[in-house]
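K.L.:
Here is how the chains run, residue by residue.
Number of protein chains: 2
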Amino acid sequence: MSRKPTSFDIAQLAGVSQPTVSRALSGSPTVSEQTRKRIEAIAQQLNYTVDKNASSLRKRETNTLALLFYEDPTPDQTGINPFFLSMLGSVVRTCSLRRYDLLISMQHMASNWHVEFEESRKADGIILLGHGDFEPYRAKLDQLMEQGTHFVRWGHVNERSLGTVIGCDNFRGGYDATQHLIAHGSRRIAFLGHANEHYPEFFDRYRGYCEAQRSAGIKVVHARQADAIITEQSGHDAVNALMAGGVKFDAIFAASDMIAIGAMRALSEHGLDVPNDIAIVGFDDLPAASMTRPPLTTIQQDFSKAGEMLVDALIRQIRNEDANTAALPARLIVRKSCGAH
Amino acid sequence: MSRKPTSFDIAQLAGVSQPTVSRALSGSPTVSEQTRKRIEAIAQQLNYTVDKNASSLRKRETNTLALLFYEDPTPDQTGINPFFLSMLGSVVRTCSLRRYDLLISMQHMASNWHVEFEESRKADGIILLGHGDFEPYRAKLDQLMEQGTHFVRWGHVNERSLGTVIGCDNFRGGYDATQHLIAHGSRRIAFLGHANEHYPEFFDRYRGYCEAQRSAGIKVVHARQADAIITEQSGHDAVNALMAGGVKFDAIFAASDMIAIGAMRALSEHGLDVPNDIAIVGFDDLPAASMTRPPLTTIQQDFSKAGEMLVDALIRQIRNEDANTAALPARLIVRKSCGAH
DNA sequence: CAGAAACCCACATACGTATTCAGACATTCA
DNA sequence: TGAATGTCTGAATACGTATGTGGGTTTCTG
Numbered sequence: 019m020s021r022k023p024t025s026f027d028i029a030q031l032a033g034v035s036q037p038t039v040s041r042a043l044s045g046s047p048t049v050s051e052q053t054r055k056r057i058e059a060i061a062q063q064l065n066y067t068v069d070k071n072a073s074s075l076r077k078r079e080t081n082t083l084a085l086l087f088y089e090d091p092t093p094d095q096t097g098i099n100p101f102f103l104s105m106l107g108s109v110v111r112t113c114s115l116r117r118y119d120l121l122i123s124m125q126h127m128a129s130n131w132h133v134e135f136e137e138s139r140k141a142d143g144i145i146l147l148g149h150g151d152f153e154p155y156r157a158k159l160d161q162l163m164e165q166g167t168h169f170v171r172w173g174h175v176n177e178r179s180l181g182t183v184i185g186c187d188n189f190r191g192g193y194d195a196t197q198h199l200i201a202h203g204s205r206r207i208a209f210l211g212h213a214n215e216h217y218p219e220f221f222d223r224y225r226g227y228c229e230a231q232r233s234a235g236i237k238v239v240h241a242r243q244a245d246a247i248i249t250e251q252s253g254h255d256a257v258n259a260l261m262a263g264g265v266k267f268d269a270i271f272a273a274s275d276m277i278a279i280g281a282m283r284a285l286s287e288h289g290l291d292v293p294n295d296i297a298i299v300g301f302d303d304l305p306a307a308s309m310t311r312p313p314l315t316t317i318q319q320d321f322s323k324a325g326e327m328l329v330d331a332l333i334r335q336i337r338n339e340d341a342n343t344a345a346l347p348a349r350l351i352v353r354k355s356c357g358a359h
Numbered sequence: 019m020s021r022k023p024t025s026f027d028i029a030q031l032a033g034v035s036q037p038t039v040s041r042a043l044s045g046s047p048t049v050s051e052q053t054r055k056r057i058e059a060i061a062q063q064l065n066y067t068v069d070k071n072a073s074s075l076r077k078r079e080t081n082t083l084a085l086l087f088y089e090d091p092t093p094d095q096t097g098i099n100p101f102f103l104s105m106l107g108s109v110v111r112t113c114s115l116r117r118y119d120l121l122i123s124m125q126h127m128a129s130n131w132h133v134e135f136e137e138s139r140k141a142d143g144i145i146l147l148g149h150g151d152f153e154p155y156r157a158k159l160d161q162l163m164e165q166g167t168h169f170v171r172w173g174h175v176n177e178r179s180l181g182t183v184i185g186c187d188n189f190r191g192g193y194d195a196t197q198h199l200i201a202h203g204s205r206r207i208a209f210l211g212h213a214n215e216h217y218p219e220f221f222d223r224y225r226g227y228c229e230a231q232r233s234a235g236i237k238v239v240h241a242r243q244a245d246a247i248i249t250e251q252s253g254h255d256a257v258n259a260l261m262a263g264g265v266k267f268d269a270i271f272a273a274s275d276m277i278a279i280g281a282m283r284a285l286s287e288h289g290l291d292v293p294n295d296i297a298i299v300g301f302d303d304l305p306a307a308s309m310t311r312p313p314l315t316t317i318q319q320d321f322s323k324a325g326e327m328l329v330d331a332l333i334r335q336i337r338n339e340d341a342n343t344a345a346l347p348a349r350l351i352v353r354k355s356c357g358a359h
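Protein chains in written order, with this note's numbering: chain A, 19 to 359; chain B, 19 to 359.
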């Protein structure tokens, strides 16, 4: 027999009907222990597996989640954002533990991903990973809500968030990072990263940065902020922009580790030493952060926990249970780049 | 209407039969241009999408590929191997271009992944990403072959390879890296990485390392090889092991960038300067390689091309076309860690 | 103008599973 | 002993799509 065995084949061999096979293998209590054993033995021997397409079609659920990386309006050419890549591992792992399959896709804003997945019944819900808060994106979220599609996203957490959001306490992270720099003597701290509402997560970090300075009685100097997105090159350019503008600073709080790494490269090119000339603190705690020289002090986002929460929130939503928006704590990881001992 | 629209709904509205809708939307030439337009308009208006489960069930193909990370017998605790993570981006992208969906999973050797995917008809084929060449793994590959499952894997390319394999020219990479170090004056070059047939890719790099020395009339000293797997810690430990053993060396060829990065950390702890005291060359060209201080000279594996080739080879196999095993070229990327100008 | 060809479409059915409903049989109780 | 209860299983059917087959109309050809 070259054909893949079906529940009918098992049924015939076991001398029962197809429905009984289905019931036996799905653990229904209405089938006697004896016949169940017999059916299971035969199924195992034939290497039988349930056809997931037929099963999904009938049950109207796929036991599959979709993970969607949506690109920035200013996309990073090199591939998937390292931050989300770090989260991927724990999402994959959690899905596996929860016995869900995981479908992955990467799409532009322009595409119809909001229709593709749940609508075409390939997944029961969607996890959205992306940056930014732009109109076309919000419109898609609205449509997802309206369709009743199950989805969760990683992002900026606030009261008005659309749908279920898991994020981290960006304000607190920014506050702690900045306070740490202040505690170790820095007074003129630059901020590298966009600081406007189109980048809500960066903006929260920026607000934390401002607040920490105010609390310490330090005046916030707007010129010390330089725009940067989450790429190494962007961090490099931001430092150059500040220096070209004649801005003086003795420390940097970078809104992401990638930016910090680029900044360190630029500082090195200018002959400046980290942390002696310039102290620096990053954000994210990417794997790369511990491998720089000097190792980067940073704010840790707990990727492992984040992936788990995203998956679990989505599953709860699928089951029509409450799935609450939540912010994870941000934790300062002290290494060498900040000059603390 | 709250229900998801079906082809019957479209048919009714268009005044045709369901099969006509199916044919119209799949571009069959047997339906007139006029009715096709009408059907398409209605479908669009209702936000109709084909139910992929029903479609797959009927067509007996899913238009989905599965990507499987299988873990090492000595798994990296921190998540997915950064090397494979780098490949993921291009696999995702290529799948998207080829209009295939991508299912991702991460499994232990012990699980039944070899049955799960194609057998349960969730995917048409499997891409395997993992390291090593151990018995339980080979047994699974045998079984996949026997089942007639479509699969390709990234790995060690040789004549006896089981199934379709895409890999890189590890021997040549090892040769070039070592030759480069020799050309810049190194004579006592250490090799960090396992050097036995259980790690066939590392072993090829090691053989290239040996051959380059022989070609240059340098005697290969076995004591200069230290075992290491693909983790930063492992590279760190390997250097310490060499130094604890009193082995002298003026350069390092690391079998992977992660190992090289760990080695640089260890060297730094011993007060040794890279490249002045010890020159070092890595392998892979991970994103992290360009961010170290000094930036790491390494052998580049073209991830982008690799992912593309894996996907395309698998698709060819699914279509019963020839899918040949192939090795990608390895290219030396000169940065600072080798001391070349 | 008869017959062939071309064109378009509807009917019937299969893909493999899960579930509803009802029936068979055994067991218990009055 | 007959009815009631309970336990297990089978028959029928639905999920939504894709495709082989055949029928009806129109157009072309000799």
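Among the hints, a few may not be true.
Just so you know, same-sequence chains aren't split out, so a pair can sit in one copy or run between any two.
[Stated by the list, open to error] Below 30 Å or equal to it, Euclidean Cα-Cα: the simulated DSBU-like pairs (lysine-lysine) are:
hint: 1; residue 1: K22; residue 2: K158
hint: 2; residue 1: K77; residue 2: K22
hint: 3; residue 1: K158; residue 2: K266
hint: 4; residue 1: K266; residue 2: K323
hint: 5; residue 1: K237; residue 2: K354
hint: 6; residue 1: K55; residue 2: K158
hint: 7; residue 1: K266; residue 2: K77
hint: 8; residue 1: K158; residue 2: K354
hint: 9; residue 1: K323; residue 2: K237
hint: 10; residue 1: K22; residue 2: K237
hint: 11; residue 1: K354; residue 2: K323
hint: 12; residue 1: K55; residue 2: K237
hint: 13; residue 1: K266; residue 2: K237
hint: 14; residue 1: K323; residue 2: K158
hint: 15; residue 1: K266; residue 2: K22
hint: 16; residue 1: K354; residue 2: K55
hint: 17; residue 1: K354; residue 2: K77
hint: 18; residue 1: K266; residue 2: K55
Keep in mind that the hints were calculated from the coordinates and are not lab data.
K.L.:
When the structure is checked against the list of hints, which entries are broken? Sort them ascending.
P.N.:
3, 4, 7, 8, 9, 10, 12, 15, 16, 17 and 18
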